[in-house]
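2 protein chains.
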Amino acid sequence: VSAGVRRSALDEAAAPDGLWFPIDLASDPALGGMVATNTGGARMLRHGDVRRRLLGLEAVVADDELSVLDDLTTLRKDNTGPGPSSWFVGSCGALGVVTRVAVELEHLPVERACALIAPSGPAATLRVLRAVESGLGPLLSAFEVMSHAATEAALDTVDGLHRPFPGPLPELVVLAEADGPIGTADILERVVAALADGDVADAVLAPPEEAWALRHSITEGLARRGVVVGFDVSVPRSELVGFRADARRLVADALPRATVADFGHWGDGGVHCNLVFPADAPPDGSERALARQLVFGCAVDDHRGSYSAEHGIGPHNADWWRRVTPAANRRAIRTLRDRFDPDRVLGHPGLPF
Amino acid sequence: VSAGVRRSALDEAAAPDGLWFPIDLASDPALGGMVATNTGGARMLRHGDVRRRLLGLEAVVADDELSVLDDLTTLRKDNTGPGPSSWFVGSCGALGVVTRVAVELEHLPVERACALIAPSGPAATLRVLRAVESGLGPLLSAFEVMSHAATEAALDTVDGLHRPFPGPLPELVVLAEADGPIGTADILERVVAALADGDVADAVLAPPEEAWALRHSITEGLARRGVVVGFDVSVPRSELVGFRADARRLVADALPRATVADFGHWGDGGVHCNLVFPADAPPDGSERALARQLVFGCAVDDHRGSYSAEHGIGPHNADWWRRVTPAANRRAIRTLRDRFDPDRVLGHPGLPF
Numbered sequence: 009v010s011a012g013v014r015r016s017a018l019d020e021a022a023a024p025d026g027l028w029f030p031i032d033l034a035s036d037p038a039l040g041g042m043v044a045t046n047t048g049g050a051r052m053l054r055h056g057d058v059r060r061r062l063l064g065l066e067a068v069v070a071d072d073e074l075s076v077l078d079d080l081t082t083l084r085k086d087n088t089g090p091g092p093s094s095w096f097v098g099s100c101g102a103l104g105v106v107t108r109v110a111v112e113l114e115h116l117p118v119e120r121a122c123a124l125i126a127p128s129g130p131a132a133t134l135r136v137l138r139a140v141e142s143g144l145g146p147l148l149s150a151f152e153v154m155s156h157a158a159t160e161a162a163l164d165t166v167d168g169l170h171r172p173f174p175g176p177l178p179e180l181v182v183l184a185e186a187d188g189p190i191g192t193a194d195i196l197e198r199v200v201a202a203l204a205d206g207d208v209a210d211a212v213l214a215p216p217e218e219a220w221a222l223r224h225s226i227t228e229g230l231a232r233r234g235v236v237v238g239f240d241v242s243v244p245r246s247e248l249v250g251f252r253a254d255a256r257r258l259v260a261d262a263l264p265r266a267t268v269a270d271f272g273h274w275g276d277g278g279v280h281c282n283l284v285f286p287a288d289a290p291p292d293g294s295e296r297a298l299a300r301q302l303v304f305g306c307a308v309d310d311h312r313g314s315y316s317a318e319h320g321i322g323p324h325n326a327d328w329w330r331r332v333t334p335a336a337n338r339r340a341i342r343t344l345r346d347r348f349d350p351d352r353v354l355g356h357p358g359l360p361f
Numbered sequence: 009v010s011a012g013v014r015r016s017a018l019d020e021a022a023a024p025d026g027l028w029f030p031i032d033l034a035s036d037p038a039l040g041g042m043v044a045t046n047t048g049g050a051r052m053l054r055h056g057d058v059r060r061r062l063l064g065l066e067a068v069v070a071d072d073e074l075s076v077l078d079d080l081t082t083l084r085k086d087n088t089g090p091g092p093s094s095w096f097v098g099s100c101g102a103l104g105v106v107t108r109v110a111v112e113l114e115h116l117p118v119e120r121a122c123a124l125i126a127p128s129g130p131a132a133t134l135r136v137l138r139a140v141e142s143g144l145g146p147l148l149s150a151f152e153v154m155s156h157a158a159t160e161a162a163l164d165t166v167d168g169l170h171r172p173f174p175g176p177l178p179e180l181v182v183l184a185e186a187d188g189p190i191g192t193a194d195i196l197e198r199v200v201a202a203l204a205d206g207d208v209a210d211a212v213l214a215p216p217e218e219a220w221a222l223r224h225s226i227t228e229g230l231a232r233r234g235v236v237v238g239f240d241v242s243v244p245r246s247e248l249v250g251f252r253a254d255a256r257r258l259v260a261d262a263l264p265r266a267t268v269a270d271f272g273h274w275g276d277g278g279v280h281c282n283l284v285f286p287a288d289a290p291p292d293g294s295e296r297a298l299a300r301q302l303v304f305g306c307a308v309d310d311h312r313g314s315y316s317a318e319h320g321i322g323p324h325n326a327d328w329w330r331r332v333t334p335a336a337n338r339r340a341i342r343t344l345r346d347r348f349d350p351d352r353v354l355g356h357p358g359l360p361f
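Residue numbers (this note's numbering), protein chains in the order written: chain A, 9 to 361; chain B, 9 to 361.
Honestly, the hints are just simulated from the structure, not real lab data.
Don't take every hint at face value.
Simulated DEER-style distance windows between Cβ atoms [to be verified]:
| no. | chain 1 | residue 1 | chain 2 | residue 2 | range |
| --- | --- | --- | --- | --- | --- |
| 1 | B | T165 | A | S10 | 50 to 58 Å |
| 2 | A | A131 | B | R330 | 41 to 49 Å |
| 3 | A | S35 | B | D167 | 44 to 52 Å |
| 4 | A | G293 | B | A326 | 55 to 63 Å |
| 5 | B | R265 | A | L113 | 23 to 31 Å |
| 6 | A | G12 | B | R312 | 43 to 51 Å |
| 7 | A | R14 | B | P350 | 55 to 63 Å |
| 8 | A | D309 | B | A326 | 43 to 51 Å |
| 9 | B | R352 | A | R198 | 31 to 39 Å |
For glycine and all other residues, C-beta sits at the position ideal for the given N, C-alpha and C.
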């Protein structure tokens with residue numbers, strides 16, 4: 009399809025055939041933009057990111073001839089040498105204008121079920137992840153974790169949400185989703201019931217709309233709480249607990265006006281590490297820079313993570329790209345850019361490559 | 009891990025943690041070779057090919073400095089600009105020597121079940137594929153189709169195999185596999201029982217080892233039947249029936265000594281289109297060239313397919329690469345090769361890029 013088509017329009021066109029494009033985002037970008045930033049979304053642990061679902065594309069590059077690279081296959085299995093399609097995934101618009109894309113769709117889910125789980129603590133959350141993952145196998149379609157601060161902000165400020173558990177909100181709330189054939193909900197119920205007592209303080213099955221309404225209200229809830237400075241980072245799953253504790257400590261010490269309200273895709277190691285400042289005492293430029301320094305440093309230097317889990321490179325993290333990317337890689341990437349965009353007319357002017 | 013590690017050694021090392029690398033091939037290549045050819049294997053429709061499972065890699069290129077490109081992340085979600093890892097996938101060894109790779113593993117299957125199905129004909133086979141795919145959803149892990157000639161060669165010449173059905177062998181035999189949590193076998197049984205009567209002449213559940221023994225004996229069976237000239241092509245799934253009929257007709261007309269014994273991964277559109285010549289009247293060079301011309305032409309020109317589903321580019325299909333790859337793509341690929349291998353010391357000397 010044309011790269012200007014939005015995700016929602018593709019889903020609408022595919023629905024009569026019982027199909028959808030399962031890179032599921034809260035926003036509704038055009039497919040070309042999704043290629044440029046290699047979006048993943050909330051169901052990436054099951055359905056992959058754009059790199060994993062792209063079959064082929066067509067792009068126009070800014071060389072002397074304005075060459076059109078036509079690599080628009082719709083075959084799932086095609087290995088006819090190194091192809092240009094993959095070069096454009098995550099390229100942040102710097103190598104060419106993606107004009108058409110072919111992506112792999114999925115059958116619409118037949119039966120979808122969700123559980124909301126209160127693990128007994130952060131370390132138990134990782135044990136719950138492993139138990140749910142091995143218990144559900146390929147049926148697991150999302151594993152989201154929401155901090156107390158994030159959940160509370162949504163529940164307190166957004167109408168129509170249900171409190172997940174009768175008692176006080178736990179430190180972390182897990183949203184685990186399964187979808188698959190008829191029988192999926194029964195399997196999820198069995199897997200949740202089999203979780204170790206010591207790891208779980210509370211667990212309920214919840215209608216998917218209700219569970220996701222809570223998850224998707226966090227951004228709005230935090231915005232109503234104050235001024236949000238957001239970071240989308242990732243770390244190896246085994247580092248999630250340590251990253252979270254360290255980031256909170258660093259922010260509490262250096263930016264005591266800020267609250268860390270994190271949430272994210274623990275199944276992939278992705279964390280939205282958002283800092284909320286009081287609306288009447290918003291952060292200035294140097295505090296924003298310090299926040300970035302603390303969170304990125306904690307993810308990259310202390311926990312083997314990435315300063316950009318999903319948003320590519322732009323002016324706000326260009327300095328981190330220069331610092332983290334090995335010199336040989338930087339030179340190699342510039343070779344491609346010199347070939348496809350010698351006059352640097354493509355992409356954001358602040359791009360570092 | 010080191011790119012010299014073989015698939016089987018990785019699986020052995022991962023097994024104590026309940027994990028495996030699910031790109032499942034009949035052969036046992038090193039991981040670096042799997043990157044260079046982007047292997048997919050028999051369970052690709054569920055687990056993807058190397059491109060979809062590669063997290064990062066390290067490669068040495070043949071520029072003046074013998075640069076090491078270190079892009080060896082183990083993060084699942086990491087979008088820090090265009091990275092060199094993807095450039096090497098399917099590069100046929102022409103851009104550098106892959107020295108280390110990081111790949112995404114899977115939990116070992118908890119419950120695996122297989123069905124052998126005799127569809128009422130080729131068109132019904134595609135309807136069975138769609139029904140099994142939507143009925144099993146993410147539990148479907150393989151959908152293999154074996155022609156009468158391929159199945160018969162295996163059953164007649166390889167010891168210890170079970171005939172799938174009591175009566176005569178059908179034109180096509182389907183091996184459908186599901187794996188997932190406890191309960192998977194019941195779901196497969198239900199889905200197979202619900203297949204349309206008109207589409208299915210026979211269907212049985214079979215122990216996975218028994219079903220795969222038949223599938224994996226085809227190559228040996230065909231080799232015992234005569235001299236095999238093999239092609240690994242792919243077409244859109246909707247073209248599988250037409251491709252198959254046309255290829256048989258073309259070969260019968262032009263190479264009447266040959267039998268087409270096809271089998272493959274219909275779930276991905278992949279077809280091993282193998283021609284078997286009598287052992288006492290093997291094909292000469294011009295007959296081999298004609299066979300290639302017929303099969304590749306039928307796949308590419310007549311059915312929008314690929315002349316290389318899984319084996320990359322080598323001296324035997326370099327001419328097809330030159331013919332099919334658009335000029336702008338060829339130039340773009342040579343830009344990369346000029347940068348990384350200016351003296352053309354890497355890869356097979358017959359490579360066309």
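**Contradicted hints - numbers only** = Hints 2, 3, 5, 6, 7 and 9 are the ones this structure does not satisfy, whereas the remaining hints hold.
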